[in-house]
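Undergrad: Chains as they are written, first to last, in the numbering used here: chain A, 1 to 257; chain B, 1 to 324; chain C, 1 to 286.
If you're looking for bench data, these hints aren't it; they were derived computationally from the structure.
None of these values were measured; they are calculated from a predicted model.
Certain hints may be false.
No more than 30 Å apart at the CA atoms, straight line, and that leaves these computed lysine-lysine pairs for DSS-like [what the hints assert, rightly or not]: (1) B:Lys204 to C:Lys277; (2) B:Lys204 to A:Lys59; (3) A:Lys144 to B:Lys2; (4) B:Lys2 to A:Lys150; (5) B:Lys204 to A:Lys54; (6) A:Lys126 to B:Lys204; (7) A:Lys54 to A:Lys12; (8) B:Lys204 to A:Lys63; (9) C:Lys90 to C:Lys163; (10) A:Lys144 to C:Lys277; (11) A:Lys28 to A:Lys108; (12) B:Lys315 to B:Lys2; (13) A:Lys212 to A:Lys28; (14) A:Lys150 to B:Lys204; (15) B:Lys2 to A:Lys124; (16) A:Lys12 to C:Lys277; (17) B:Lys2 to A:Lys131; (18) A:Lys59 to C:Lys277; (19) A:Lys59 to A:Lys12; (20) B:Lys315 to A:Lys150; (21) A:Lys59 to A:Lys28; (22) A:Lys28 to A:Lys63; (23) A:Lys150 to A:Lys124; (24) A:Lys108 to A:Lys54.
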Amino acid sequence: MALLEIQGLTKKFGGLTAVNNFDMVVEKGEIAGLIGPNGAGKTTVFNTISGIFKPSSGKVLFKGQDITGFSPHNVVRMGLVRTFQITTVFSDLSVLENIRLGSHLLAKLSFWDDLLTTPYQRRKEKELFAKAATLAEFLGLGDKTNELAKNLSHGHQRALEFAIALASDPEMVLLDEPVAGMSSEETQEMMRIIRATRDRGVTVLLVEHDMKMVMNICTNLYVLNFGNKLAEGNPQQICANESVISAYLGSEYKPKC
Amino acid sequence: MKSLKFLLFSALVILLFLIPVFVDNLYWISVFTKWWIYILLTVSFWLIMSTGQVNLAHAGFAAIGGYISGALVQSYGWNSWAALPVGVLTAGLIALVLGYITLRITGIYFIIMSVALAGFIQTIFGIWDHPFGGLVGLQSLPHPDAFLGINLSSRPALYYLILICMLLVVILVYRIYYSSMGRIFRGINSSDRLAEHVGIDIMKYKVMVFVIGCLCAGLGGVLFTYYTSTIVPTSFTLTQSTYYIVYCAVGGLLVFPGPIIGTLVLCYISELIKAYAEYQNIIFSVLLIAAMLLFKGGLYGLYQRFINWISHVTKRNETPVKSI
Amino acid sequence: MTIGEIIQPFINGLLIGLNYILVALGLTVIFSIMSVLNFAHGEIYMIGAFLVYYLAGEYHVNYVLALLIAIVATGILGLILERFLFRPAKGDILTGVIVATGLIWFFQTGAQIIFGSQPSRIYPVVVGTWHIIDAVIAKDRVAAGAISLAFLAIVYYFIYRTKQGKAMQAVAQDREAAALQGIDINRISPLGFVIGCALAGAAGGIILPILYADPYMGSTVLSTSLSIIILGGVGSIPGAALGGLILGLVNSYGAQFAGYISSIFPFVIIIVVLLFKRTGLMGRKI
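Please put together the full structure from these sequences, using the hints given.
TA: Next comes the structure, spelled out in structure tokens:
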């Protein structure tokens, strides 16, 4: 079943067309990849899906519903979360608090619940902090739960980002360059986590430049170049695609097949 | 730990209630009363600041509360207990409307907007002679009317009234800040982009905290009119709002006791150096800049570091004993 | 209404507007280069005015010389402030606000202690008036306008025609790109601050013979400058120029026809512009 569908997505910034008439379908249970040379428009696609930008034209459908132009918090409400190209965490809060905030929508606490510390509030907080601790373990942060996010290493911050995304029990997660700046061990670990996430029923769409990782982990690929869709298909098909190869020539990220 | 805090707090509250019993000096009772008003205003300002919004119009909202309630009493003969909620709610309502319109604006632009708002409010109350008294303001405002038969015209009575209001606001802010709401505020402050992407409706929360803070400010303004029996356009200026920032910065920006400690310390210093009142702000400015650049975390931060250092030192002394 | 009542505020408005532009320009230059809004900018203006008062009024130094000294002094002050107060603040908005608040208190209280709260005046440097139909134009205002214009021309030349100036433009547009091109931010930042403060000091010194100096003149000037840069667009020099003239006219006509209420206009402008077109009339960047 098509979980995320993008139809004719176009995004212009003044005179510049960052994304042009882009179509994409991500099936439930997939790990799909959006690749392309630098500046191809991949993050713009993400920003338009997650609600940071409104598209100039086109539609975004999630679970069959039109979420085009929804504001970010409403997109998350639908069960679609994302991470960012530049590591984004709540730097002044602890790891545990960070993940707990990821579960914001699961808490459904009212003003009075908080003010009066109702039994419901107490129960929910306990439950969600326990969940946060579990997620922290899952992402290798189990021993750092009380560390302030800003004091973590880059790799751990990336992991924390992922934990925050998973904390809302999403149906789908968009990962923007999840292994950027990581060593090969860290990349292997992240790949394991992404696969484990998919196995738990979360559909994944990622943007990445690390071709080895992308070819290894993705079931389906979409290639963007200068905002236009260049090709789509499974990794073998993409590797053999002439236009994809020539698009990457001259850029450092050559598809390794 | 929690019950210890509660015990300490209760002891403190009882102490505060007993002050007029043991301190016969009406002057000092008056001074403390003034401090309670400042704490109320600073703590509510601090709550708004926890989402990253520096509301330099905070004093302006106090002015709204004070002027509306004062005008209703003096120019229209209302009972002060009817005028008080109207004054407070007016401040809250204006905050609600303004909040929805302006809180989409963030960062430095919000600060600039609040500076403009502060100036606007200050100027606007000086325009009409009736009912706001124009540039002269409202003078000779009466004491609050009796509440449930209790006469409120004496200094000690006013002390208790204002103390109770201050404690209510302090408890409210404490409860909010240390709940999941407070965590949301801190998250918004840390990264509002990420906050929206975990499903937090940041506009809703920013407006909510803004309205709560401004309601408290309005209350502070009304209490101010009880305390000084006057209100003039220059009672609640932009400079007043900067006092709140200063109190927070000196006491500690990120922890709850911070604004309270900062207010008490600086108000006390201000009282001490009354004879040299002109020099007060110079001393404050030096303290302030030192607080921001040298000992971050303010006085409370220093206190925390001191505690850490002590436990460090005592641990070092313990280890040899344990290893025997 | 006589013609004079229309022309006089117009000319005076433009003349005072030129002075406003100087201050606002200083503020916008600092903001676009350092990303910090120096809320104490008005106090620098005040210091400029008092320095000239002190030199020309108390010691009878030649006015022009006093003005130049004041400009250099406020420039040096800018250097000190940048190095020791604003650079450690590292672009954190809240820290910047708090530091600026401390500076405002320090300078205002200092000025009050040294010079008292009453306005301090010096003897007019230029006397006489011109008459255009029935409008009375004071020669000293024209002189002030002319000097302001001269300084504006100097700054314009510096920013648009010199290497340093172009480096400043680059930093204002994109800090990282500028650094990559080899521009030393640690030299441009202080330069921006020095220019910004010198402009404010100059404006204060220029206005002194026409008005007076008092410890609180900084706050009105700050409000006006904020209004100008918001209206014109933060970071835009042409915007500051346009905004300055508009505000000069608004204040001039406002004072003539609306009295006390006119002091509300700068605030209304800020609020309205921020709500509807945050980038102001001329958008971003120098």
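Undergrad: List in ascending order the numbers of the hints, as given earlier, that are violated by the structure.
TA: 10
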